[in-house]
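Engineer: Take these sequences, add in the hints, and give me the full structure.
Each chain, letter by letter, is given below.
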Amino acid sequence: MHKLGRGHRDKLQQFMAITGSSEKVALQALKASDWHLESAFDIFYSQPQIRGVVDTRHLEELYNRYKDNYADMILVDGISLLCNDLQVEPDDIVMLVLSWHMKAATMCEFSKQEFFTGLQALGVDSVGKLREKIPLMRAELKDEYKFREIYNFAFGWAKEKGQKSLALDTAIGMWQLLFAEKNWPLVDHWCQFLQAKHNKAISRDTWSQLLEFAKTIDPSLSNYDAEGAWPYLIDEFVEYLVENGIVQNLS
Amino acid sequence: MAMHERKTIDLEQGWEFMQKGITKLKNILEGLPESQFSSEDYMMLYTTIYNMCTQKPPHDYSQQLYDKYRESFEEYINATVLPSLREKHDEFMLRELVKRWSNHKVMVRWLSRFFHYLDRYFIARRSLPALNEVGLTCFRNLVYQEINGKVRDAVISLIDQEREGEQIDRALLKNVLDIFVEIGLGSMDCYENDFEAAMLKDTAAYYSRKASNWILEDSCPDYMLKAEECLKREKDRVSHYLHSSSEQKLLEKVQHELLFVYASQLLEKEHSGCHALLRDDKVDDLSRMYRLFCRIPRGLEPVSQIFKQHVTTEGTALVKQAEDAASNKKAEKKDVVGLQEQVFVRKVIELHDKYLAYVNDCFQNHSLFHKALKEAFEVFCNKGVAGSSSAELLATFCDNILKKGGSEKLSDEAIEETLEKVVKLLAYISDKDLFAEFYRKKLARRLLFDKSANDDHERSILTKLKQQCGGQFTSKMEGMVTDLTLARENQSSFEEYLNSNAHANPGIDLTVTVLTTGFWPSYKTFDLNLPAEMVKCVEVFKEFYQTKTKHRKLTWIYSLGTCNINGKFEPKTMELIVTTYQASALLLFNASDRLSYSEIMAQLNLTDDDVVRLLHSLSCAKYKILNKEPNTKNILPTDYFEFNSKFTDKMRRIKIPLPPVDEKKKVIEDVDKDRRYAIDASIVRIMKSRKVLGHQQLVMECVEQLGRMFKPDFKAIKKRIEDLITRDYLERDKDNPNTYRYLA
Numbered sequence: 001m002h003k004l005g006r007g008h009r010d011k012l013q014q015f016m017a018i019t020g021s022s023e024k025v026a027l028q029a030l031k032a033s034d035w036h037l038e039s040a041f042d043i044f045y046s047q048p049q050i051r052g053v054v055d056t057r058h059l060e061e062l063y064n065r066y067k068d069n070y071a072d073m074i075l076v077d078g079i080s081l082l083c084n085d086l087q088v089e090p091d092d093i094v095m096l097v098l099s100w101h102m103k104a105a106t107m108c109e110f111s112k113q114e115f116f117t118g119l120q121a122l123g124v125d126s127v128g129k130l131r132e133k134i135p136l137m138r139a140e141l142k143d144e145y146k147f148r149e150i151y152n153f154a155f156g157w158a159k160e161k162g163q164k165s166l167a168l169d170t171a172i173g174m175w176q177l178l179f180a181e182k183n184w185p186l187v188d189h190w191c192q193f194l195q196a197k198h199n200k201a202i203s204r205d206t207w208s209q210l211l212e213f214a215k216t217i218d219p220s221l222s223n224y225d226a227e228g229a230w231p232y233l234i235d236e237f238v239e240y241l242v243e244n245g246i247v248q249n250l251s
Numbered sequence: 001m002a003m004h005e006r007k008t009i010d011l012e013q014g015w016e017f018m019q020k021g022i023t024k025l026k027n028i029l030e031g032l033p034e035s036q037f038s039s040e041d042y043m044m045l046y047t048t049i050y051n052m053c054t055q056k057p058p059h060d061y062s063q064q065l066y067d068k069y070r071e072s073f074e075e076y077i078n079a080t081v082l083p084s085l086r087e088k089h090d091e092f093m094l095r096e097l098v099k100r101w102s103n104h105k106v107m108v109r110w111l112s113r114f115f116h117y118l119d120r121y122f123i124a125r126r127s128l129p130a131l132n133e134v135g136l137t138c139f140r141n142l143v144y145q146e147i148n149g150k151v152r153d154a155v156i157s158l159i160d161q162e163r164e165g166e167q168i169d170r171a172l173l174k175n176v177l178d179i180f181v182e183i184g185l186g187s188m189d190c191y192e193n194d195f196e197a198a199m200l201k202d203t204a205a206y207y208s209r210k211a212s213n214w215i216l217e218d219s220c221p222d223y224m225l226k227a228e229e230c231l232k233r234e235k236d237r238v239s240h241y242l243h244s245s246s247e248q249k250l251l252e253k254v255q256h257e258l259l260f261v262y263a264s265q266l267l268e269k270e271h272s273g274c275h276a277l278l279r280d281d282k283v284d285d286l287s288r289m290y291r292l293f294c295r296i297p298r299g300l301e302p303v304s305q306i307f308k309q310h311v312t313t314e315g316t317a318l319v320k321q322a323e324d325a326a327s328n329k330k331a332e333k334k335d336v337v338g339l340q341e342q343v344f345v346r347k348v349i350e351l352h353d354k355y356l357a358y359v360n361d362c363f364q365n366h367s368l369f370h371k372a373l374k375e376a377f378e379v380f381c382n383k384g385v386a387g388s389s390s391a392e393l394l395a396t397f398c399d400n401i402l403k404k405g406g407s408e409k410l411s412d413e414a415i416e417e418t419l420e421k422v423v424k425l426l427a428y429i430s431d432k433d434l435f436a437e438f439y440r441k442k443l444a445r446r447l448l449f450d451k452s453a454n455d456d457h458e459r460s461i462l463t464k465l466k467q468q469c470g471g472q473f474t475s476k477m478e479g480m481v482t483d484l485t486l487a488r489e490n491q492s493s494f495e496e497y498l499n500s501n502a503h504a505n506p507g508i509d510l511t512v513t514v515l516t517t518g519f520w521p522s523y524k525t526f527d528l529n530l531p532a533e534m535v536k537c538v539e540v541f542k543e544f545y546q547t548k549t550k551h552r553k554l555t556w557i558y559s560l561g562t563c564n565i566n567g568k569f570e571p572k573t574m575e576l577i578v579t580t581y582q583a584s585a586l587l588l589f590n591a592s593d594r595l596s597y598s599e600i601m602a603q604l605n606l607t608d609d610d611v612v613r614l615l616h617s618l619s620c621a622k623y624k625i626l627n628k629e630p631n632t633k634n635i636l637p638t639d640y641f642e643f644n645s646k647f648t649d650k651m652r653r654i655k656i657p658l659p660p661v662d663e664k665k666k667v668i669e670d671v672d673k674d675r676r677y678a679i680d681a682s683i684v685r686i687m688k689s690r691k692v693l694g695h696q697q698l699v700m701e702c703v704e705q706l707g708r709m710f711k712p713d714f715k716a717i718k719k720r721i722e723d724l725i726t727r728d729y730l731e732r733d734k735d736n737p738n739t740y741r742y743l744a
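In order, the protein sequences belong to chains A and B. Numbered per the UniProt record's numbering, the first sequence spans residues 1 to 251. Numbered per the UniProt record's numbering, the second sequence spans residues 1 to 744.
No false leads were slipped in.
Using 25 Å as the maximum straight-line C-alpha spacing, the simulated DSS-like pairs for lysine-lysine come out as follows: (1) B:K88 to B:K150; (2) A:K197 to B:K719; (3) B:K734 to A:K103; (4) A:K200 to B:K719; (5) B:K734 to A:K182; (6) B:K718 to A:K215; (7) A:K215 to B:K734; (8) B:K150 to B:K249.
Calculated directly from the structure, the hints in this document are not laboratory data.
Structural biologist: So this is what it looks like as structure tokens:
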């Protein structure tokens with residue numbers, strides 16, 4: 001059934017010897033991690049569901065259900081269908097979390113590889129099982145650490161291929177989606193400020209620092225330090241808030 | 001003489017003999033008639049003591065004699081000295097004391113000689129106080145202890161009398177105070193504790209009283225005169241009768257009361273304080289102020305602060321003045337730096353001369369005042385006048401001095417001196433890079449259009465700039481000057497080439513200045529469609545240049561060219577000196593009589609701005625070589641032009657000026673771009689060596705590195721840091737976003 005190269009066979013043996021798992025499970029874990037032993041262990045131990053639950057044949061069927069007619073990936077139509085099957089709106093934040101699990105490179109696209117690894121990592125091989133996972137994925141947004149990962153993942157996911165920065169409209173859409181989870185009271189002001197004063201794409205640094213800003217600086221800006229290393233766009237945002245009387249003068 | 005033969009002397013008998021000697025001594029001291037001691041008397045007395053001390057016990061009377069020695073003093077003091085002192089007062093008491101003390105010293109000297117044998121054995125063996133010391137101690141314990149308070153008061157009251165201008169007996173005071181020193185037997189405790197402390201206290205009180213009146217009544221200069229006089233007198237006083245160790249303490253007290261206490265009140269006096277002195281150029285008073293205030297702790301700081309304020313105000317007034325003058329004549333060309341601004345720079349130089357002289361003379365070159373002067377100039381030198389930065393003004397000022405027929409007519413020495421001062425002023429300007437850029441633009445004009453008046457001056461100011469701002473600052477400018485020298489050589493070899501290659505000669509005189517791209521400001525290139533005649537010239541030169549070098553590329557800047565052309569007008573033929581642009585436009589009319597705006601523009605391949613400018617110079621300005629239809633003052637795209645064959649002028653040769661485009665905006669943009677590179681380079685340099693660095697430190701080091709050329713704005717630095725993050729030169733530390741890491 002398996003025609004493995006010598007290197008891969010060695011890794012498989014090693015993996016089975018250490019984890020005591022079956023060949024099938026071992027193979028799944030190694031394939032999911034692209035034959036990196038270390039990450040295969042991570043997958044094996046962190047997601048116990050993997051053990052024997054996922055059936056590659058089912059995944060294959062599932063993938064074919066959504067696959068685009070002309071390319072070997074899932075594109076917009078497939079994703080709409082998937083959303084339909086999962087009974088969520090395409091702009092539901094849970095789709096971002098799902099994409100994060102799949103390590104998807106771009107918005108509205110899943111490659112076969114991404115689809116397989118993602119679902120294997122989640123330990124599901126049917127729409128029904130995936131739907132059951134949705135509350136779990138929503139809960140992941142509440143986790144500080146995971147939220148940050150998802151937030152930073154969102155930048156690369158949402159930006160145009162080949163671009164270094166994120167188009168402003170997309171960025172604003174993503175922020176509204178993401179900060180709805182965090183209840184950051186300044187998010188609307190931030191978006192208004194960008195539209196009025198900036199009107200340019202957003203750099204990765206500004207993107208990631210904004211989350212830090214939202215998390216560490218309280219909405220009255222009492223602990224904001226103008227001498228700090230905040231990106232200049234955030235400094236200008238603070239000036240904007242003060243100038244427009246949204247926040248009272250900093251003492 | 002054998003010992004056993006000697007007869008034993010008992011105490012009473014021996015002492016009786018001694019008593020006679022002592023009484024005689026006392027009589028001498030009291031001035032009673034008495035014969036002097038003969039050496040025989042002395043010998044007898046000494047021998048008696050010797051014998052009484054060397055007898056075998058129990059007849060060794062050393063201890064008894066030692067006691068009696070002291071008792072003799074005590075008895076004399078109690079019986080004679082004290083009563084005589086007690087009945088006298090004040091100065092008389094002082095005189096008596098001096099006399100008594102000197103008598104006492106004589107008595108000690110004599111008696112200790114009589115009893116000298118005690119010193120040699122008895123005292124030495126038992127480590128007792130020596131005879132001399134015992135004698136002096138008696139005086140101290142009995143006389144000094146009783147009356148030192150009275151003496152002190154009397155002395156102080158005499159000093160106060162002298163301070164009030166009375167004559168006193170200084171010698172007496174000197175003698176009295178010597179007692180305080182001598183009585184300490186080598187230690188200054190008596191002088192310091194029993195006299196000096198009270199004297200200092202009294203001095204403080206005295207001057208505190210004086211100062212509180214003077215500060216109300218006197219003007220600041222008068223007060224300072226008095227203070228200086230007082231200090232001089234007190235110093236004098238020390239040299240005449242106080243102990244030299246008192247000088248420092250005494251002067252400190254006086255300075256404290258007269259100056260320190262009232263320092264700010266004195267400096268701030270409304271019509272005569274430091275401000276007023278500066279305003280009225282009271283150089284002597286200011287020097288005095290420096291002399292006085294440099295003595296008190298932190299005394300100069302407020303003075304230098306006021307000095308700084310004053311200079312800032314004066315300078316700011318100059319800025320305001322120039323600003324007003326500029327806005328009054330705004331109707332005229334407002335972007336061209338005019339005479340007013342020229343005057344402004346002159347005035348700033350004068351201001352600097354004046355106050356630098358103050359710092360050097362009145363304030364004795366003190367660093368605090370140099371700093372104040374620098375800070376004051378930095379404030380208003382960076383303000384700029386009527387939209388022109390001071391960097392631009394200084395560059396224009398230099399240009400006016402260095403160019404032919406500039407507005408300043410000066411001798412060579414005066415030019416050198418002025419240039420020196422301009423360079424000094426440059427130190428106060430934070431945008432040195434902006435100055436360099438403007439200077440380079442102007443220098444290029446001077447060199448290329450042969451407007452520079454004197455090569456030596458050009459080189460000399462570059463040397464001065466190099467000294468002050470470093471080699472990097474002037475390297476391009478020096479390159480420009482060198483380029484021009486090379487260009488002249490090049491031109492002569494080009495002419496030789498033409499002479500030896502007759503077939504190549506285009507029939508038009510051509511001068512080409514070859515420049516090195518990096519040194520010169522950037523210009524537009526290859527924009528103009530050259531007329532055929534000139535294309536030929538260019539080809540010929542290219543051929544010539546190929547023979548000299550292989551790997552160099554020539555780029556032609558027509559916008560900098562000039563042409564001399566002959567205009568065949570009906571009245572007479574005239575020589576026109578025009579720019580290459582103008583010449584190209586005029587030559588178009590050799591082929592057609594009448595051309596539309598758009599035809600001209602298409603044939604010349606120039607932008608609207610350039611076409612409007614040059615057509616305006618040919619048809620709407622002083623010399624109307626072209627007739628315009630309709631005949632208005634402005635050039636419109638619908639206009640038509642025709643050669644004006646009727647044109648004439650009383651001269652045979654005329655120069656038709658083409659006003660230069662305003663380059664200010666471009667210069668500022670260029671500088672801005674250069675700054676971005678400079679900040680990038682600086683950040684990368686710092687991070688390369690430090691690898692990991694906090695935001696604030698990075699910003700600080702960056703400002704420090706670049707401060708020599710310009711003051712980078714924090715926001716600009718921040719933007720550059722973010723740009724470098726985007727370009728993967730840096731990253732933020734994962735755990736601390738205030739810290740950056742260098743990505744090699």
